[in-house]
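2 protein chains.
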Amino acid sequence: MSLDSVLARIDNNLPEALDRLLELLRIPSISTDPAFKDDCQTAADWLVADLQSLDVKAEKRQTPGHPMVVGHVDGDGPHILFYGHYDVQPVDPLDLWDSAPFEPAIEDTPNGKVIRGRGSSDDKGQLMTFVEACRAWKAEHGTLPCRITFFFEGEEESGSPSLVPFMQENAAELTSDIALICDTGLFESAVPAITTMLRGLLGEDFTITGPDRDLHSGMYGGIAMNPIRVLNKILAGLHDDTGAVTLPGFYDDVPELPDEIRAQWQGLNFNHGKYLGDVGLSNPAGEQDRTPLEQIWSRPTCDVNGIWGGYTGDGFKTVLPSQASAKLSFRLVGQQDPDKIRNAFRTYLENNLPEGFSVEYRTEKGAPASQMSIEDPAFEKARQALSDEWPRPAAYVGCGGSIPIAGYFKELLGVDAMLIGFGRDDDQIHSPNEKYDLESFHKGIRSWARILEALSK
Amino acid sequence: MSLDSVLARIDNNLPEALDRLLELLRIPSISTDPAFKDDCQTAADWLVADLQSLDVKAEKRQTPGHPMVVGHVDGDGPHILFYGHYDVQPVDPLDLWDSAPFEPAIEDTPNGKVIRGRGSSDDKGQLMTFVEACRAWKAEHGTLPCRITFFFEGEEESGSPSLVPFMQENAAELTSDIALICDTGLFESAVPAITTMLRGLLGEDFTITGPDRDLHSGMYGGIAMNPIRVLNKILAGLHDDTGAVTLPGFYDDVPELPDEIRAQWQGLNFNHGKYLGDVGLSNPAGEQDRTPLEQIWSRPTCDVNGIWGGYTGDGFKTVLPSQASAKLSFRLVGQQDPDKIRNAFRTYLENNLPEGFSVEYRTEKGAPASQMSIEDPAFEKARQALSDEWPRPAAYVGCGGSIPIAGYFKELLGVDAMLIGFGRDDDQIHSPNEKYDLESFHKGIRSWARILEALSK
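Quick note, the sequences are listed as chains A and B, same order. Using our numbering, the first residue of the first sequence is number 7, and each one after it goes up by one. Using our numbering, the first residue of the second sequence is number 7, and each one after it goes up by one.
Errors might be hidden in some of the hints.
Just so you know, same-sequence chains aren't split out, so a pair can sit in one copy or run between any two.
Here are the simulated SDA-like pairs of lysine to any residue, each with C-alpha atoms no more than 20 Å apart in a straight line [what the hints assert, rightly or not]:
1. Lys144 / Leu24
2. Lys280 / Glu361
3. Lys387 / His222
4. Lys323 / Phe42
5. Lys371 / Phe322
6. Lys63 / His147
7. Lys144 / Pro397
8. Lys323 / Ala373
9. Lys239 / Leu359
10. Lys323 / Gly165
11. Lys346 / Gln377
12. Lys463 / Gln390
13. Lys63 / Tyr281
14. Lys346 / Asp114
15. Lys416 / Ser182
16. Lys280 / Pro298
17. Lys371 / Val79
18. Lys323 / Pro410
19. Lys416 / Asn357
20. Lys63 / Asp51
21. Lys463 / Asp258
22. Lys463 / Leu24
Don't read these hints as lab results, they were simulated from the structure.
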């Protein structure tokens, strides 16, 4: 089967592919706002019809929230599942948009043509790159190179309440050899990327209590231990002078980066000065012996997300408070076990409480890190296919945040996921004037055609 | 003139005196919160009317903040000025009160009857002990034994911003032979005391800013310096492991206690175990090489009175905040200069800010410590009068809190001040469920009658 003819067809049929995307973008499928409930149904119907036009057995599957779209098509190669989401973010503040969010259009910009409109990048434009690749392949060869399951969600922007139950109830149907997820971006808008590491998350929310009432600092200042002072000391002790987390055993299950990945990341020439400068900072704060990309992608962290205690209103109150509180989060990597880290933290905290002090925890669930096993040859095949399409070779990258769907495929179905996407840092997803570069759409479609061909072998 | 008949009248008229106090306590004159501005005016009006009922030439005198109440009455003896404050502390946390803070009532407790309500002890109840003593004297003798100036402030709990300008502008009117201040307590709830040492106070209220917006800890956790972490480290560094304050030069102007005062204090047999145990604490937190009474009365301190930053609501938000804030206070002793300590703190803070961070101060005024010269015979006369009223002889003591007014009388008017009060350690001033013992109120009124008589001779 010829890949070249598929790529040529993609190039020739780009105007029609764009028309289809604009049609989908005109449906205001805002999942978080009940006023747009019917529009979410409409978007799902549109996708079902579009998949059916490719001879995919597709149907809308209702949930307690917005429907899923699931479609299957047979093929000779491995069984691939493709995930994307058809719901979009709200559009407020509307007055900051330069055009109507649901009247999408192609615009010329100094950086080339863009598709402007809500959902163009997150995630309708990305989702359609895969569908259009399949359409071109089918038109050229009459069949698809793999067995494919299409799985489109309509609640990604509102917390995915129906996702886990649906995956559990339909586990057999959704289990595949590999999952492809198109909801991420190019690295620094230029380098094609496969996200293979996602950090986990552990939260701790707690209050320490010292004196059993608020005290007057005139009467008790000096002699009474202040819970804020105790909390400050405990939190300040969590990092050493090099930026490393001090909890005993914290780094036990943190793997060193494989040399090949380290070399790949160094080749990315990450501009951390710009990354920090864009938000008003200068120097990296993490472990000093780690590169900035490691700090974001492959190293665990500890951060205080909130702290409060004593008098915080206007003016002054010379109070020694009874209590002080904090919310902490740990980003986890490798095999770090949330329960083990939680125990290490609580042991440290409780060992540093003065006599007579107590602590109350408001427990939060922890999630371990996800790391895809890139030994599966599919990863290297996809990376090569991406490298063939784009000017720079593709890289395996990390992601500092969590993308829960990737973890669910592994946890619920035992399926590894490849996160591949073509968004750019300036796409303004979740903000006014969202756009998707025409180049992202066009080369995205071509990328999937190449990946499908590579995976089929 | 008979003292006995005055004391008898005080005993007989106690119910009416209590009714008047409850009326005053019902006015929520919280000075630090602008929402209660009108209530401060109401409290001042109430006091003016009450003084006028004693034939005192009293009036409300406006300031840029809350008004002063000033009244004069002629008499034969020395010219005495009496100072008290009619404003009160905020009442939060309201849910920890067992009754409404501004619906005062007399309660039976295992330790006797108490007057429950915000301001009952600090300072409306104390202020009224003096007014009621004058009322009884006037009713009994038709005149007062001394020439008296009444001077009531409405901003004591919010830093007294108008006090110094008012005293400067009205210096001639307010200058007297001695000032009496009723805003302190009995020593250990039992020994009548004249406070001759008062710690000063320096407040710092500030916000540090790192990144110019709130960041997502998934994208920036590890690489971006978290302002809460910076703040924790700065605050944790203010004390060393022995409890001493680490600011360079902090102890330069702190005198050692004279041997005779040290001996007197040791004779008081201060029960620090009970003092701390009463509020749920066990070990003293101050400098380990100082006695507990020194820690409260004659040693300087540093305490965080409030801290806040990041997300403090329900649940979790993985934010790296842009800012973190704190309110600090230093209790000062001896010749410690508030400006010098402020500079030392700010230098320390700014030296510990990472590159690109900034700090904004919401400046608070500082007040140095005060020490009275007890050589004036009025001190010994008052001490004897107090010893006559109470079961144990009165003592000269220190006070951990600041009563800046005492320093101002000396500094601005050249007048020594005697601090005599009847509060008890468990009055919970500045806390929920503030109370004033009925015995404090009753014997407080009787004490002032005795002191007025003693000073008139």
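Structure-based check of each hint:
1. Lys144 / Leu24: Within. Shortest intra-copy distance 18 Å satisfies the 20 Å Cα cut-off; inter-copy 94 Å does not.
2. Lys280 / Glu361: Between. Shortest inter-copy distance 15 Å satisfies the 20 Å Cα cut-off; intra-copy 47 Å does not.
3. Lys387 / His222: Answer is neither; intra-copy 68 Å and inter-copy 31 Å both fail.
4. Lys323 / Phe42: between (35 Å within a copy, 16 Å between copies)
5. Lys371 / Phe322: between (37 Å within a copy, 11 Å between copies)
6. Lys63 / His147: within (18 Å within a copy, 106 Å between copies)
7. Lys144 / Pro397: neither (27 Å within a copy, 99 Å between copies)
8. Lys323 / Ala373: The answer is between: 15 Å across copies meets 20 Å, while 40 Å in one copy does not.
9. Lys239 / Leu359: both (10 Å within a copy, 17 Å between copies)
10. Lys323 / Gly165: between (36 Å within a copy, 9 Å between copies)
11. Lys346 / Gln377: Within. Shortest intra-copy distance 19 Å satisfies the 20 Å Cα cut-off; inter-copy 55 Å does not.
12. Lys463 / Gln390: within (13 Å within a copy, 105 Å between copies)
13. Lys63 / Tyr281: neither (43 Å within a copy, 70 Å between copies)
14. Lys346 / Asp114: Classified as neither: same-chain Cα gap 49 Å, cross-chain 52 Å, threshold 20 Å.
15. Lys416 / Ser182: Intra 11 Å, inter 84 Å, cutoff 20 Å: intra-copy only.
16. Lys280 / Pro298: within (12 Å within a copy, 53 Å between copies)
17. Lys371 / Val79: neither (33 Å within a copy, 70 Å between copies)
18. Lys323 / Pro410: between (43 Å within a copy, 15 Å between copies)
19. Lys416 / Asn357: neither (37 Å within a copy, 48 Å between copies)
20. Lys63 / Asp51: Only inside one copy: lysine 63 and aspartate 51 sit 13 Å apart there, 84 Å across copies, limit 20 Å.
21. Lys463 / Asp258: Cα proximity of lysine 463 and aspartate 258: none, with 39 Å in one copy and 80 Å across.
22. Lys463 / Leu24: neither (30 Å within a copy, 95 Å between copies)
The structure does not agree with the numbered hints 3, 7, 13, 14, 17, 19, 21 and 22 stated previously, though it agrees with the rest.
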